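> Listed below, chain by chain, are the residues.
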Amino acid sequence: MKKELVELKVNGRDHELAIEPSALLLDVLRQDLQLTGSKRGCDDSSCGACTVLIDGVAMLSCTLLAASCEGQEITTIEGVSEHGSLAAIQKAYGDWGGAQCGYCTPGFVMTVKSLLAENPDPTEEDVRQALSSNLCRCTGYNQMYEAIRAAVAAEREGIAAAK
Amino acid sequence: MNNGFSIIGKRTALVDAAEKTTGAGKYTDDLSVSGMLTGKILHSPYPHARIRSIDTSRAEQLDGVVTVAIGKDAPNPFGILPVGHDEHALAVDKVRYVGDNVACVVAVSEAIAEKALELIDVDYEVLPAYFDPEESMKAQADFIHENKPGNIEKDYHHVFGDPGKGFSDANQIAEARFIAGEVTHAAMEPHSTLASFELDPHTGKMGRLTVWSSTQVPYYLQHKLSLVLEMPMQQIRVIKPLVGGGFGGKSEVIPLEIIAAVAARKARAPVKITYTREEVFWAHRGRPRTIVDLKTGVKNDGRITAVKARVVQDGGGYCSYGVVTILYSGALLGALYDIPNIQYDGYRVLTNKPACGAMRGHGTVNVRFAFESQLDELAAKIAMDPAEVRRRNLLMPPCITVNGLRVQSYGLPECIEKTVERSGWKQRKGKLPRGRGLGIACSHYVSGAANSIIRSDMPHSTVNIKIDRDGGVVVYTGASEIGQGSDTMVAQIAAEVLGCSLGRVRVIAADTDLTPIDLGSYSSRVTFMNGNATLRAADEVKKLIAAAAAKKMNCAPEELIFRHDVVKKRDTQAGRDGTGATQEGPSVSGRVEGQILRGSLQQKRKEEGPKDWMSFEEAVVAAIDFHGALTGTGSYAPPPEARGGKHKGGGVGPSPAYSYSAQVAEVSVDEETGEVTVHKVWAAHDCGRALNPVSVEGQIIGSVWMGMGQALAEEMVWKDGMLMNPGLLEYRSPSSIESPEVEPIIVESVDPEGPFGAKECSEGSLAATIPAIANAIYDAVGVRLHESPFTPERVLAALRAKKKEKALNLTEGVDPTDPVRFREHGGSLCFKSRGPQRHALDPAHRQAPASAGGAD
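These protein sequences, in sequence, are chains A and B. Read left to right, the first sequence gives residues 28 to 190 (the numbering used here). Read left to right, the second sequence gives residues -15 to 840 (the numbering used here).
The following block holds chain B by itself, in its conformation from the complex (with noise of 0.2 Å):
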């Protein structure tokens, strides 16, 4: 029995596994209700340009449209960060990228609606754009937003320490430009969403509004629905349904979400949309390209003196999570290294380019491909074993890092130690055949965010028990499960407390008349924060039941332990049987004593005087009578000590707890093509302590697949603001066959705050993989690449500069104006022939000569 538990800690399937496995789950578009109608949405073919008019009347005439929503249907403007309300529903007066939102026709079938999108007239005037963002940087007029000068989003500049002085100190100074490429969730379920307003029976009008959305975020949701609709948010429930994965896509409102309620509104009729793989890709919300200027300090023992990054991200036309992202990046140079002396300066910038949100390991993993690179090109100059610079440079918690982070639990010795003993790191590192090789590297990630999103002293997590005389309980959670496994996580921790078998417990989740408010799955918090109030409503059940247990037994309610079904007395053997229950779930036995039999079982009872034990449903049934009712609450809001520091930005970065990876890859790469291939990644990740170990696996895999998937093929390739390869095929989401082994090592550094001592598993192994990655490349054949993904043409590049030969122009003597391949021009699905503003140069562009089309 591993450390004492029953239930946690043991390999349990997914609670919903079957419905997945099976096709019965519903998600999103997989819903209808009666009257439903199909909301169809026109996108901008410019990447800046103002409306001058909208004109829907042909598309209203057509045979089968019910309405067209354009943006004065809903002229509220939102956005997920209090200080970003800069997005709406469908654009007012401007749109500011290829694929923005400008109109949503609602037609009774996709055909019809797909019919009508080419019969709205929109007149644009067409806007200088801007796609780089250093370019977009020293803009002087045309700005994206016109409260945003110079197109930047935020700026933060800090301080921590005193670099200037950390860098003398040091004996050995690295300092390189990393740029890490745009990458995006791509998750499996297209985004969807289906609005339905009921009739209010007193006023016989529009009434309540019920939306089912494939959301990460449903509290969210509904309160920037009830900002846009002018709606009080009671008046709004949001259902999420199974959702078919998020990885940060999901997690903030998306303009579809709102969109399809004023469509609803507007038609008088449930509406609902979903997106194509392609619109999929245009609402992205991923993590933006990265431009990373780094300098590091060293001693020659090691020991870091001084780190000084400038960040400048490429985040779209819209704000977004940007603030915060920019914000990550720098508060999460802390917190992994004791690093002394800290100088950050970020820049959030905007450009004519949807809009970069949170993408698992939000804000860290670009800044960690650099960091971690530059740590093994220091490592070399001081000749020490990359692990062991590492090692040099632990943090000794408990502490409170130069920027204001507080570490508790602090596992990456052990995952450092581990990943090297595994993966042979000592025998084999260096001594590889040519073209193969190994790298290491670590990270780390928040337990979810100290403070949320919206300031406020709220709890971030509140969860109900309700148990009654069948002994069923009934968990409601806000906890948004998106395929991570947190309804299941749910039901472990409240049959752990309350020592009952796993399939008595139903979880009720996410729904906003039902459950009461969890702020969402992302920042990896849910565990931490929903794990932690699940715990404390199942401990004050618990207590309810002992109490009245106690009563029967003639005992102090702390002698009692909850176990298997059975509440007994401390030091008995007897169970149901008296050999001590085992059995799994519920029997029938069971139930008929609890429910049909109960007056006369009471009797028995009270014939037979008081027991050392009772069955669960005794210890229930006991509980109600003596209370008059089952309930428990508990709720979670991270301690004061763990919100961080008092400067500007300090806000973000600051968690209750962090989880640490460290991981080896081994790789190996064909010097004729700079084709590179990872064979395995041995991976550890300090989870605190992992609660369903095939889950935490699970996603340490999963972790480690996407930074590889990142390091080597994944990248949204744009030209002039059109994405090049909105396909998943095109944008090369890594198959089973590019795919590599993944060896998932578990460290359980037990936190003292977490539930059970858990932490986060989600997202912090990610960004290790990218730059281990890199330094298994530099360890095959001695490049150091500076910029991801590591593209066979960016590899080959490498290699013939350091031979000193040229680098081969894959594009030499390739006519620009005779695309060869698919989509070369942008020639998307969605646009058809009615594309954006074309290039100068392309074929299609030549009937009509060139127009403002950008900043060319």
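The following block holds chain A by itself, in its conformation from the complex (with noise of 0.2 Å):
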């Protein structure tokens, strides 16, 4: 297939790539950019390890188009980071045992980041909701929950804190 020219934006910095038409998302920014943070996990979007915020929409980069994403602010696990030190909800699944064997988390930040954007204050049940999108095959998903909760008291925190 012919390649043609796009530009992503991905992590606030912009790309101009030579994709062909059908390549996908993920494999745009594993292979192209070299972003192997967001992972494959299955072929079929039922594991949610690839999620990447598309204009701060949790989205599959597994099936997603790369040449839609024309236009759209891609943000991926290493954009997450804030100025070189972990954000809240990283330092929190570190602490509070989130991540194990580490494949999935990426995908989950992704998720909890898009979560917390919309509802920063989310019940038990409201992250029960939002993390079903994705697998874990480690955890039992109890430490994530105690490391969501720690990471929104700590945004809290933070916020009373700067005013």
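Since the hints were made in silico from the structure, they are not lab data. Remember, predicted model here, so these are calculated numbers, not experimental data. Glycine included, every Cβ here is placed at the ideal spot set by N, Cα and C. Possibly wrong hints are sitting among the right ones.
[To be verified] Computed beta-carbon distance windows for the label pairs: (1) K664(B) / A180(A): 15 to 25 Å; (2) R176(A) / R412(B): 20 to 30 Å; (3) P66(B) / H110(A): 49 to 59 Å; (4) H110(A) / K56(B): 52 to 62 Å; (5) L378(B) / A180(A): 40 to 50 Å; (6) R376(B) / R176(A): 37 to 47 Å; (7) H110(A) / A531(B): 44 to 54 Å; (8) E771(B) / E97(A): 51 to 61 Å.
Dock chain to chain to rebuild the complex, using the hints, since each chain is given by itself in its own frame.
In structure tokens:
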């Protein structure tokens, strides 16, 4: 298939890329941009390990044409750390055991980011609902809930301290 | 301060947590090397067939295809067990399951490689196939492996004590058949291997091989690569990058890992092969479908008098870990309770399906489901509380069980007590509203096998430690981090022994060129064995530092205490600032003292005369000046007393220590739909000592969760050798919605031989969950389920049978020629239209009349 030139904005930076029109966003991120943080865990959009944010909305990059994301703001796990330090959710996932093997973790972090952007103080039920788009085989999810609670509290303290 | 430790026992984030949460960490599929090509494997469409010929010429002519590897490129057989060398990288003469590896295309892109797969012409002679183990055992001809008559991989017959007398002494006897469905690991990371040869500067030809692979066992991989490629082991370097979960699925060498190397050799270029999710399901090596015919006798006082088990495992097409699995199923009838008489007959049977192997709780899980369910039935018969009947059968350690297992630390009584207390068992059991119930069950597991797979006298783990003048501690360990936290465990033990902060320790792990041999991450051996080796290596280095520091401080080395980055005389208050240094992490001034101002500092010390404390760096510098270098080595081999009985097969089951678990599950059952919901599980686990409570709790919760998956939903569904559900959604791995709250309860029995008393914590909890749920279902609605998973169909059938109603046949009236569900007839992604031999009634079959498609 003949390649086409597209412009993708990933983590705030513009990239001009020659890609096949059929190229999936996940493959372009991993192979063309070497952003290997987004993972491939399945082939049929069932696991969520490839979750990225498109204009702030959590989407599965394994079933998204890269060319269709032109002009949109793509955020991957590599764009989550803030000013060179771990974001609250990343720190909390480490501290509370939300990540074991870590393969699903980038997808979960993106899902949680999108959840907290919409709903800064989610109930446990909200969290369960939101996380059900992603699969994890290590943690049984319990420690993720604790991590999310801790991250919400840390964010709140941070905001209070800034005021 | 807990028990006087400064590092262990603290809740600690994994040392590689940031790599994982930022996406910076590299898994095998994230790696690339220059000139790397992509490999894609052609799989067998037939469950059992002889390969008459393979023609790869059309594929090789396709633009972008570099080469096509086939069986004769690497014909040496291999297998994880020395008794089971029955696999080839690529099929040489026969294929034995749908999905077996036939050829590997190497091309410049995945798309081209996939296209080329369709251009390979393979001429098969289809053979009768066997899908049911009990049918397979009756086979007279066309054996799956010519040297395994009756398709029996291995059978064992053990008698300990006098089971006949035991049963005649019993007041109550229960006997039933339990069946546990087949499950798989479904680790989130699909298997991936990258193989690359170096050109030898002296011969100018292909020389050393480097393999990066998603493996739990880098050393076994190095060994098997050496066998198949006929290269010396020292010419092969295996590196394990981050691994995205194993659960046993990566605990043996699967053909993919060898194929990548064979393909790289033939293509004369680096080759990476990554499985699709569907291929991961075909590669399998999961827990076999197990038929357990179990008979147990008890006295009226609750004491178990005898157990008799006949176990048949549906092992799939190759040996894999099968011989070990069938032995574990028998051996681990012992060491949980005090059972005086045991009879065990185990059959590992070959069938034309992907090979089963080791999966979390290897060999014990399905038998434990049967045993704990039956014990519940017996408790009801003698009108005893199910928790009490378990208490009546406790071991009295230290002891050796009737089947030769040595038990020293035994936290089971405390586990039972704590789960009963936390769950409100006494107040709530039997008093919940109809449809809701509580169930209890116990389990145990080994902390590593006392005998290695390849019998030898070598240590099971060796660890090296190097400390340089910068005061940095580098630990070289073969332990394979697969998410369980082994790197963190190693760092914690080294830091605890050396009295330094965790940030000072860097762990270099699982690289056969750099790290000494460790057998790998399986049978929950890493904390116990690699932990002990780390402890010994750190102790050795500590002795060297102490000798030099003691000289400087004019005292005996035994008087020194290593703690918080300070080496000081016992009973002195002083730290670096005279108040007791407690700061975390290496200080800047410390580094400066250690490196640059060393000379003047020593001068200053001399002038000042002996002091009663030194910083860690100063002590390290003193030790290097004194000894010339600062390295230490430690190794671990299980003691001979722990290696088990002398009977045939007695080598499997013995362990230096056993972990114990007791669980209470609370469930509700919808009597209209048969749906079971698990609300909460209280899980107490005796891990000896919790080195990192966050990890221990994570492992307990994860085990319980995986057990719940097997109990309620997960199952590999087969039809004529075709897997019906090769995807994560169809396999029904539970999501956060279906997952219960798990309350982990840590019990510390402090094992006399474990590192700081630690034992395993990653597998033992799984086995108790399934029977705890089964027993809770019985408590809720009064039906005893004998087959897992407890799907709504099975629960509903049991409920209707109890009411003497006819079972609902959900497929009644369904036309089998009219599939409505996706993949109902194995319409798998991988095979597309070139699918396997179809069922005679499959509509896709109508064009071509039925030919031999297996046993039908």
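> Against each hint, give a clear statement of whether it holds in the structure.
Hints, one by one, checked against the model:
no., hint, verdict
1, K664(B) / A180(A): 15 to 25 Å, "holds (24 Å)"
2, R176(A) / R412(B): 20 to 30 Å, "holds (27 Å)"
3, P66(B) / H110(A): 49 to 59 Å, "holds (55 Å)"
4, H110(A) / K56(B): 52 to 62 Å, "holds (58 Å)"
5, L378(B) / A180(A): 40 to 50 Å, "holds (43 Å)"
6, R376(B) / R176(A): 37 to 47 Å, "holds (42 Å)"
7, H110(A) / A531(B): 44 to 54 Å, "holds (46 Å)"
8, E771(B) / E97(A): 51 to 61 Å, "holds (53 Å)"
Of the numbered hints listed earlier, not one is contradicted by the structure.
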